[in-house]
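Number of protein chains: 2
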Amino acid sequence: MAVTIKDVAREAGVAVCTVSFAMNGSAHVAEETKKRIFDAIEKLNYRPNQSARGLVTKKTNNIGLVVEETAEGLENTILLDVIKGLGQALGKNNYDLLLSFQKPQSRKLDEHVLDVYRKQSADGLILMGTASSERPYEELVSKRFPFVLLGRPYQEKVCHSVNADNEQGAYDAVQYLVRKGHRRIALITPCSLEVDASLDRYNGYIRAMEELGDGFDESLVAIGSFDPDSGYAETEKLLSLKQRPTAIVAGRDVIASRVIEKAQALGYKIPDDLAVVGFDNTVVSQLARPSITSVELPMRSMGFEAASLLIKLIEGEIRYDDVQTIVLPCAIRERESA
Amino acid sequence: MAVTIKDVAREAGVAVCTVSFAMNGSAHVAEETKKRIFDAIEKLNYRPNQSARGLVTKKTNNIGLVVEETAEGLENTILLDVIKGLGQALGKNNYDLLLSFQKPQSRKLDEHVLDVYRKQSADGLILMGTASSERPYEELVSKRFPFVLLGRPYQEKVCHSVNADNEQGAYDAVQYLVRKGHRRIALITPCSLEVDASLDRYNGYIRAMEELGDGFDESLVAIGSFDPDSGYAETEKLLSLKQRPTAIVAGRDVIASRVIEKAQALGYKIPDDLAVVGFDNTVVSQLARPSITSVELPMRSMGFEAASLLIKLIEGEIRYDDVQTIVLPCAIRERESA
DNA sequence: CTGAAAGCGCTTACAG
DNA sequence: CTGAAAGCGCTTACAG
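Top to bottom, those sequences are chains A and E. For the first sequence, the residue numbers in our numbering are 1 to 338. For the second sequence, the residue numbers in our numbering are 1 to 338.
Please keep in mind that the hints were generated in silico from the structure rather than gathered at the bench. Mixed in with the good hints there might be a few duds.
No copy is singled out in the list; a pair is fine if it fits within one copy or between any two copies.
30 Å max Cα-Cα, derived DSSO-like pairs, lysine-lysine [stated by the list, open to error]:
1. K262 with K35
2. K6 with K143
3. K269 with K180
4. K119 with K103
5. K35 with K84
6. K242 with K312
7. K92 with K35
8. K35 with K119
Kindly generate the complete structure, drawing on both the sequences and the hints.
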């Protein structure tokens with residue numbers, strides 16, 4: 001049915017292997033022969049069958065990305081940027097992205113990750129999300145199967161990983177506010193501190209506050225959540241402090257928008273009475289009024305770096321044991337709120 | 001290196017083909033033998049090599065989704081919902097999603113679409129986006145390669161397609177406002193009318209307005225754009241009409257949020273002085289204050305239906321020539337702005 | 001009900 | 001520099 005390498009060989013009047021050599025550059029082929037071959041390929045619109053190729057080369061030219069059936073990992077807009085970043089690196093290197101979705105019945109994500117490895121349908125894996133499972137890594141590592149953690153806890157340096165520097169992002173946010181003249185700076189965490197990124201931001205905040213010399217005042221920290229209304233109550237609490245903060249670092253943009261609403265409702269002018277810095281630089285920060293100064297996570301770069309690293313691992317440009325831990329800086333996008 | 005069907009056969013003490021028969025149910029195997037085989041599979045963690053399987057069955061169990069290098073198609077948050085919907089259907093049926101990114105150099109998306117077909121790395125294709133190219137379809141159709149258009153112009157019923165009923169969505173939005181007592185209802189289109197979805201919404205609006213009996217007043221229509229500030233000027237213009245509208249249907253949520261801001265700045269109360277209905281039901285409509293009543297596009301269902309349809313096509317449950325045109329209804333999510 | 005064998009479309013030593 | 005042949009890991013008629 002489909003055109004095969006045999007058809008090309010016949011059309012060009014050469015042996016099958018010569019076509020293969022010419023296409024892959026795996027042996028020298030006379031210029032003239034080459035031209036005949038490439039003409040035949042173009043004429044017939046020949047593309048090597050990936051399954052046949054994969055069977056012998058043990059390479060699929062696919063990168064796997066596993067997604068939970070509940071799709072929690074897809075919840076955030078941010079994933080789109082990651083995929084774009086992945087795509088840039090992948091397209092450049094001629095890889096495709098294989099998104100594997102869990103079957104509704106099978107509850108164990110770990111097993112599913114292992115399955116895409118066992119089926120050999122990808123040459124490497126990008127593992128992203130917050131879920132920190134240990135088991136799949138073991139089998140993957142022991143079999144030296146290439147994979148890169150993206151935005152996950154980096155397992156004591158035993159796995160290649162790419163992450164955003166959340167700690168530095170929060171630190172910079174405080175520093176930015178200090179430069180604007182603030183000293184009483186509060187933090188609302190993006191969610192519980194059990195989540196890695198949340199803890200990192202918390203730590204960055206503390207480091208910056210301690211450097212300020214006033215010491216760390218626990219009453220200036222509130223724990224936010226994924227509740228869409230998270231930020232209202234925390235703002236009210238923070239602003240009713242005897243020594244109220246003049247600035248708030250909100251762990252996520254949505255929370256920042258709630259902070260602004262509540263503060264405005266209480267009669268505060270933003271940013272004059274209260275400065276607000278958000279996190280994630282999502283569309284929310286652009287649409288809010290006033291627009292929100294926000295710490296941008298380099299999601300696109302993270303995707304790009306993760307895919308580039310994985311490809312180097314696959315192609316042997318980086319040794320498997322030479323564990324890479326890439327941490328990318330966050331940048332502050334200045335807008336009206338601070 | 002990896003465990004093969006031979007290993008399983010040896011472990012279970014049967015012939016290779018018996019293992020294959022047992023796994024695929026393609027021939028009867030005695031219960032007892034079956035048990036030995038499945039025990040061996042479990043013990044060895046055997047999973048059939050996808051390339052080998054694909055080579056002989058001519059099936060990859062992959063669905064292709066082509067993405068332009070510029071990733072325009074990925075621009076909207078909405079794609080995430082589509083992917084979730086695709087994933088639901090795919091996971092259930094044991095297919096993976098192959099996202100193929102264009103190489104930076106190759107400028108022709110059409111060729112790239114054809115390449116994933118020619119390489120035989122997917123059993124079918126989901127084509128989404130607004131770009132309407134004709135050429136790839138021809139080759140695909142003539143070779144009877146399964147593909148489904150998602151949110152694209154549906155090419156005079158020659159291609160299977162899944163779409164949202166934008167026309168009805170706009171019609172319903174007007175009807176909804178009429179029920180709230182409005183008659184002077186304006187429309188700001190989501191973008192130029194060259195885009196299919198935009199035109200459909202425009203037509204739905206017109207149909208509803210004409211049914212009202214007051215006839216179609218062109219001055220009540222403004223053409224919006226993708227400019228982030230689109231909506232400001234249009235609102236100003238519409239509200240300065242001698243007979244100003246009491247309600248505005250905004251073609252996108254972002255535009256609706258601009259309408260609200262501008263109207264509020266001009267002293268109008270929402271929804272009392274001016275009712276506003278948005279489109280797309282994005283996070284913007286939830287975060288705006290007042291929150292925005294919005295027409296929801298069934299992106300998740302569209303993804304699910306598109307994948308389900310494609311799988312039926314692939315597996316022969318639907319004849320290739322029995323062209324399916326699935327149009328899914330939009331629903332109005334009532335909030336504060338109307 | 002089970003086994004031996006051919007073949008899917010490639011790549012890669014191995015000769016010439 | 002090019003050709004004939006083996007083999008990758010499966011599935012599927014074909015015998016028994």
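**Item:** Within, between, both or neither: K269, K180 at alpha-carbon 30 Å
**Value:** within (16 Å within a copy, 35 Å between copies)
**Asked** Between the shortest in-copy and the shortest cross-copy C-alpha distance, which are at most 30 Å for K119 and K103: within, between, both, or neither?
**Response** both (15 Å within a copy, 27 Å between copies)
**Message:** As a check of your reading, is K35 near K119 (CA-CA no more than 30 Å) within one copy, between copies, both or neither?
**Reply:** Cα proximity of K35 and K119: across copies only (22 Å, versus 38 Å in one copy).
**Message:** One pair to classify: K262 and K35, alpha carbons no more than 30 Å apart. Within, between, both, or neither?
**Reply:** Neither way: K262 and K35 sit 71 Å apart in one copy and 64 Å across, limit 30 Å.
**Asked** Between the shortest in-copy and the shortest cross-copy C-alpha distance, which are at most 30 Å for K242 and K312: within, between, both, or neither?
**Response** Neither: 56 Å inside a copy, 66 Å across copies.
**Item:** Status of K35 relative to K92 across identical chains (alpha carbons, at most 30 Å)
**Value:** Within one copy only: 25 Å inside a chain, 47 Å across chains, cut-off 30 Å.
**K35 and K84: within-copy, between-copy, both or neither at 30 Å Cα** = neither (36 Å within a copy, 46 Å between copies)
**Message:** I want to check one pair: K6 and K143. Are their C-alpha atoms no more than 30 Å apart within a copy, between two copies, both, or neither?
**Reply:** For K6 and K143, only the inter-copy Cα distance (20 Å) is at most 30 Å; the intra-copy one is 36 Å.
Hints 1, 5, 6 from the list above are not met by this structure, while the remaining hints are.
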